[in-house]
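J.: As you go down the protein sequences, you meet chains A and B in turn.
No gaps in the numbering here: position 35 of the first sequence is 36 in my numbering, and each next residue is one more.
No gaps in the numbering here: position 39 of the second sequence is 144 in my numbering, and each next residue is one more.
Note that these hints are calculated values from the structure, not bench results.
As the structure is a computational prediction, the values presented were derived from the model and not from experiment.
Mixed in with the good hints there might be a few duds.
[Unchecked claim] Derived DSSO-like pairs: lysine-lysine, alpha-carbon spacing no greater than 27 Å straight-line: (1) A/Lys79 / A/Lys102; (2) B/Lys146 / B/Lys124; (3) A/Lys74 / B/Lys123; (4) A/Lys102 / A/Lys56; (5) A/Lys79 / A/Lys56; (6) A/Lys71 / B/Lys146; (7) A/Lys79 / B/Lys145; (8) A/Lys102 / A/Lys74; (9) B/Lys123 / A/Lys79; (10) A/Lys79 / B/Lys124; (11) B/Lys157 / B/Lys124; (12) A/Lys102 / A/Lys71; (13) A/Lys79 / B/Lys127; (14) B/Lys123 / A/Lys56; (15) B/Lys124 / B/Lys145; (16) A/Lys74 / B/Lys146; (17) B/Lys146 / B/Lys127; (18) B/Lys157 / A/Lys71; (19) B/Lys145 / B/Lys157; (20) B/Lys157 / B/Lys127; (21) A/Lys56 / A/Lys71; (22) B/Lys157 / B/Lys141; (23) B/Lys146 / B/Lys123; (24) A/Lys102 / B/Lys127; (25) B/Lys124 / B/Lys141; (26) B/Lys127 / B/Lys141.
[Unchecked claim] If the Cβ cut is set under 10 Å, some of the chain B residues that face chain A in the computed set are: (27) Pro188; (28) Val219; (29) Val220.
All C-beta atoms in this analysis are idealised placements derived from N, C-alpha and C, irrespective of residue type, glycine included.
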Amino acid sequence: AQTVTQSQPEMSVQEAETVTLSCTYDTSESDYYLFWYKQPPSRQMILVIRQEAYKQQNATENRFSVNFQKAAKSFSLKISDSQLGDAAMYFCAYNAGNNRKLIWGLGTSLAVNP
Amino acid sequence: ETGVTQTPRHLVMGMTNKKSLKCEQHLGHNAMYWYKQSAKKPLELMFVYNFKEQTENNSVPSRFSPECPNSSHLFLHLHTLQPEDSALYLCASSQEGGGRGYGYTFGSGTRLTVV
């Protein structure tokens with residue numbers, strides 16, 4: 002069965018510092034997509050970054066980047082120059098290429114300290 | 106107006122009440138979804154609609170009844186709920202029926218409390 006594991010229920014970072022959120026997944030598929038979503042107190046789930054499994058290059062979106070290790074089935078999110086507005090729940094999600102379902106992790110609550 | 110809009114934002118209902126949640130998207134997407142978000146659990150996909158047709162029902166109890174009159178609107182009709190149904194209900198939409206590759210666009214959810 003496909004699963005997504007986020008081993009850090011809570012994390013904290015100082016403003017302007019860098020933090021890395023961990024995500025591992027289990028799958029036997031070769032074609033799939035991985036996502037990081039952010040859910041701030043406003044509750045709206047916002048797509049932060051996506052990665053196609055067939056691409057070796059790590060995805061980046063401004064201050065957000067991923068470290069995608071396909072063999073290790075690891076997909077961590079790095080947030081650089083953390084800002085107060087980055088405080089939120091972060092969810093890792095997986096989607097097989099031939100399936101419409103997203104498999105979700107339990108989330109990591111990130112606090113940003115001023 | 107753009108994005109995915111959900112109403113109401115908060116809802117408190119008794120176990121014998123009937124209420125409805127509404128979701129509207131102005132993105133031109135053709136697929137819409139209901140998710141349930143409970144504490145300490147992964148998001149649970151409840152229903153999927155593709156071009157107004159229900160394509161997925163993940164063993165959701167019949168006290169939850171979805172309705173999709175067109176590709177832009179999605180409802181979740183609630184009746185005789187249980188306290189364990191209290192949760193955040195999220196609506197999402199996607200451009201393609203799978204949502205794969207491009208993820209979903211979510212609304213801000215309805216916080217439901219069943220008393």
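J.: Return the numbers of the hints above that this structure violates; sort them in rising order.
T.: 3, 9, 10, 13, 14, 18, 19, 27, 28, 29
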